[in-house]
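K.L.:
Okay, here's what each chain looks like letter by letter:
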Amino acid sequence: MSRGIIIFAQNNEYINYAEQACACAGYARRSLSLFDEICLITNTETLAPNETLINEYFDRVIISDNFQPENIRLFKDTTDKLEYAPFKNMSRSEVYKLSPYDETLVIDADYFIMNDILDQVWNSDNDVMINSKYRDISGRHQENIEYIDNFSIPMYWATVFYFKKSDFAENLFTLISHIKYNYKYYYYLYNCSGNLYRNDFAFSMALHILNGSVAFDVPSLPINYLNNSFDLDDIYRVNSHNDVIMYCADAENVSSHILSRFKDMDLHIMNKKAIGRFIDDLLSHGEKV
Amino acid sequence: MSDITKETETSKEDLQRLEKALEFSNTMKTFNLNKNNLKVKTQNLLSHSTSGGSFTVDQSLISFMNFVVSSGKTEITLLDKNDIPVYIEDTEKFLDDISSLYFEVVNDYYNEYQKLKSSRKIEKVLEI
Chain F
1 MSRGIIIFAQ NNEYINYAEQ ACACAGYARR SLSLFDEICL ITNTETLAPN ETLINEYFDR
61 VIISDNFQPE NIRLFKDTTD KLEYAPFKNM SRSEVYKLSP YDETLVIDAD YFIMNDILDQ
121 VWNSDNDVMI NSKYRDISGR HQENIEYIDN FSIPMYWATV FYFKKSDFAE NLFTLISHIK
181 YNYKYYYYLY NCSGNLYRND FAFSMALHIL NGSVAFDVPS LPINYLNNSF DLDDIYRVNS
241 HNDVIMYCAD AENVSSHILS RFKDMDLHIM NKKAIGRFID DLLSHGEKV
Chain R
1 MSDITKETET SKEDLQRLEK ALEFSNTMKT FNLNKNNLKV KTQNLLSHST SGGSFTVDQS
61 LISFMNFVVS SGKTEITLLD KNDIPVYIED TEKFLDDISS LYFEVVNDYY NEYQKLKSSR
121 KIEKVLEI
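Protein chains in written order, with the numbering used here: chain F, 1 to 289; chain R, 1 to 128.
It should be emphasised that the hints constitute simulated quantities derived from the structure, not laboratory data. Any given hint could be a false lead.
[What the hints assert, rightly or not] SDA-like cross-link-like pairs, simulated, lysine to any residue; straight-line CA separation at most 20 Å: (1) R:K115 with F:S177; (2) R:K121 with F:S177; (3) R:K117 with R:D58; (4) F:K263 with R:S51; (5) F:K88 with F:S177; (6) F:K263 with R:V125; (7) F:K133 with R:K115; (8) R:K81 with R:K115; (9) F:K272 with F:P100; (10) R:K93 with F:N123; (11) R:K35 with R:S51; (12) R:K93 with R:S51; (13) R:K35 with F:Y134; (14) R:K29 with F:S177.
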């Protein structure tokens, strides 16, 4: 059975996602060993100016130039800066069709793998694995399961998920696509909040519908919690491929920060500008093809 | 006049104590955050997958497997962390694997925890 890691990246005027995807791929290659390839799914516009760098970090590139309707997101860089920019995140529903692998691990371009736990996904008996439990590394969010709404379903994080080619996975992604094209309807049905199309919401709703629209448990990844660094945090220093020191926004005063070190811990760093500031370090500590 | 001086001195003292307490509180905040993050790292690392299933490695799993092996059972079906039944065909190897993992991960946790406790100066502890 072929095994691949897939990362999506589509640039906007604000963030160079291609660079970040390369850094992410470098970390994945450094920490994991049981996969066959790391593949980037991107569009022509993103690939063209970044092709040399991308070929250094990815075994394969798949182009997906599907039209994406406007999806404007607020990007925060600690409490200092806020900026609205397009968030091109809608190709993820196509990953089942696009993936050339029997088993696929999809990770966000801002998810840095720093241990080998995710190597345990390969050869799983489960058709799909995805986590609802997460942790805020700064301790600001005390709950570790988020709900789409207080009266709605638990939210599954589409940050990292695994699937193998199977009926269940195919039906899941068919539903996710359907929800994407009829988002307004499902948005109100499930009482979603915010103006953004979120993959997390679409995945959660699709999983709920596929399981008969009743309370359900979806097999989780081998990691118990996703370690989330929200966008009020910042990076202090990147020491190595498995060692990062973060500025974590203080729960009592979010414009102040507490230092915390993360060694051998996967990190989901949502402050994209922080990643941009340290991109050279992150690229240098990762492993190339 | 001396009452005012005394009052001023006392309030300076109080201020210094307060500053010390706040500094200590900041250090404690940093210590607690890093301690919690270490704990979560350990929980995440205590994971073992085999035969298509994923197991959280803890003392009760190890004790149970010890009982299974001591009873002479060479194969068994167990519920994994997702409550899915998983067939283990070599119980002794499974016990070996999970015990080694547990000792290694918890030992690392101990060492890092000691480092964290060793100094009030956070720059020293985080090796900044």
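K.L.:
Run every hint past the structure and note whether it holds.
P.N.:
Hints versus structure:
| no. | hint | result |
| --- | --- | --- |
| 1 | R:K115 with F:S177 | violated (49 Å) |
| 2 | R:K121 with F:S177 | violated (52 Å) |
| 3 | R:K117 with R:D58 | violated (24 Å) |
| 4 | F:K263 with R:S51 | violated (29 Å) |
| 5 | F:K88 with F:S177 | holds (15 Å) |
| 6 | F:K263 with R:V125 | holds (13 Å) |
| 7 | F:K133 with R:K115 | violated (29 Å) |
| 8 | R:K81 with R:K115 | violated (32 Å) |
| 9 | F:K272 with F:P100 | violated (29 Å) |
| 10 | R:K93 with F:N123 | holds (19 Å) |
| 11 | R:K35 with R:S51 | violated (33 Å) |
| 12 | R:K93 with R:S51 | holds (12 Å) |
| 13 | R:K35 with F:Y134 | holds (17 Å) |
| 14 | R:K29 with F:S177 | violated (44 Å) |
In terms of the numbered hints stated before, the structure departs from hints 1, 2, 3, 4, 7, 8, 9, 11, 14, listed from lowest to highest.
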